[in-house]
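Sequences and hints are given; from them, build the entire structure.
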Amino acid sequence: MTMNVQWERASNLVMRLPPVGPRPVAEFDEVVALLAEPTALFGPTSDMCDGTCAGRSASRNWSRIAEDLRVLLNRYHLRHSHAIQMLQVAAQVLAEHSLKLCNCPPRVTMSPLGLAAPSMRYELQIDAPEPVARDVTEAYLARLTAMDLQIEGVRISFNGNGEGGQRDMAVLERANRVVASLPPLAPRPQVNCADLAAVLLEPRSLFGEPNASKRIATDEGALLDAETLAEVLNQITCAHNLACSTIMEVLQMAAALAQERSMRICDGQSFKIQISDVEDEELRLRYILRLDATSDVAYELDDELLWQLCELDTSHSGFDFSFSGEWTRKDRQCSRDVPDHQEPIEEGARDASVLP
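Read left to right, the sequence shown gives residues 1 to 356 (the working numbering).
Careful, some of the hints might be misleading.
Restraint ranges, calculated between C-beta atoms of paired labels, are given here [said to hold, decoys possible]:
| hint | residue 1 | residue 2 | range |
| --- | --- | --- | --- |
| 1 | Val71 | Tyr299 | 32 to 38 Å |
| 2 | Arg64 | Ser317 | 24 to 30 Å |
| 3 | Ala212 | Glu67 | 27 to 33 Å |
| 4 | Ala256 | Pro131 | 42 to 48 Å |
| 5 | Asn74 | Val25 | 16 to 22 Å |
| 6 | His316 | Thr228 | 16 to 22 Å |
| 7 | Glu96 | Arg16 | 22 to 28 Å |
| 8 | Ser63 | Gln190 | 38 to 44 Å |
To be clear, the hints were calculated from the coordinates, so they are not data collected in a lab. Glycine residues also receive a C-beta, built at the ideal position from the N, C-alpha and C atoms.
Below is the structure:
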């Protein structure tokens, strides 16, 4: 591979990437407990609020809210860890403004789930005038966007002094236990679709220099340019509610695994990009990276990567990453058993083909 614009862009990006941080681990009912009792995360309420400010506007039917929330999370492919991180950012911003919550329950407004784009609005009362609450909400949304944690379907906001209500101490106790086990918020990669395209087209920027003695022949098929790939990635992230930073973290974790095993990529066109555009199915992309290793080693790395992604509660629907290795005699023997309509993956090529 020769030095080019994509290589320079990818290299500069990789140099400033933060390490992949830990994710909160919580069950669904623990997420609901934290939403119902936010003081476990936001800290003690204001001494100036006597708990008489939320009245009928506060949400109390948390069993019904939980049912709707579960449907909403599944609809938008949202992980429990993502919901908790959004609350962590909100608590962080509120503390930076030296403000506290009022002593009253939050308010949850859920749009009809039958809509094309249903959503949930989660409102927290703070001990401050309404204009200040709006400023804090804007600061929170800006922080959420900067951390690439803003997602469709869920909105958290702050309201000025309102009214109050009763607390469920059992729920509060559980919420406190959840917060006690939360890891601190980790920095996330600041990347866009063009950045991702550069790294995918120049994998050596992240995975290290290839093994020059193991070169993959140049494929003469259709090549995917950076601009087209960036547009495809944009469509995928929108269709699957997938953050660019999440895709980058998947690549970072894959690179770390390969480096831990002292595995190097092959030289030449060491990757293959497959894009699905099957009718009635959501667009998705598969990225296959060829290692200077046997297929068995590549399969082991794939399994380890999937395990780590599950451990970090990292959802990457719409983007599939896998390693490939050199086929052995056993692999070729097994490929003969594949039905005619399911051809084995061709190694070491790059194109924009349709997934089988």
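Can you tell me whether the CB distance of Asn74 to Val25 sits inside 16 to 22 Å?
19 Å, holds
If I claimed the Cβ atoms of Val71 and Tyr299 lie 32 to 38 Å apart, would that claim hold in this structure?
36 Å, holds
Satisfaction of the hinted span 27 to 33 Å by the C-beta atoms belonging to Ala212 and Glu67
Distance hint for Ala212, Glu67 is violated at roughly 58 Å.
Status of the given 16 to 22 Å range, CB of Thr228 versus CB of His316
21 Å, holds
Ser63 and Gln190, beta-carbon distance inside 38 to 44 Å?
39 Å, holds
Beta-carbon spacing of Arg64 to Ser317 - inside the hinted bounds 24 to 30 Å or not
At roughly 27 Å between Cβ atoms, Ser317 and Arg64 fall inside 24 to 30 Å, so the hint holds.
Cβ separation of Glu96 and Arg16, checked against the hinted range 22 to 28 Å
24 Å, holds
For the range 42 to 48 Å, tell me whether the beta carbons of Ala256 and Pro131 fit it or not.
Since the Cβ atoms of Ala256 and Pro131 sit about 46 Å apart, the hinted range of 42 to 48 Å holds.
Hint 3 from the earlier list is the only one contradicted by this structure; the remaining hints agree with it.
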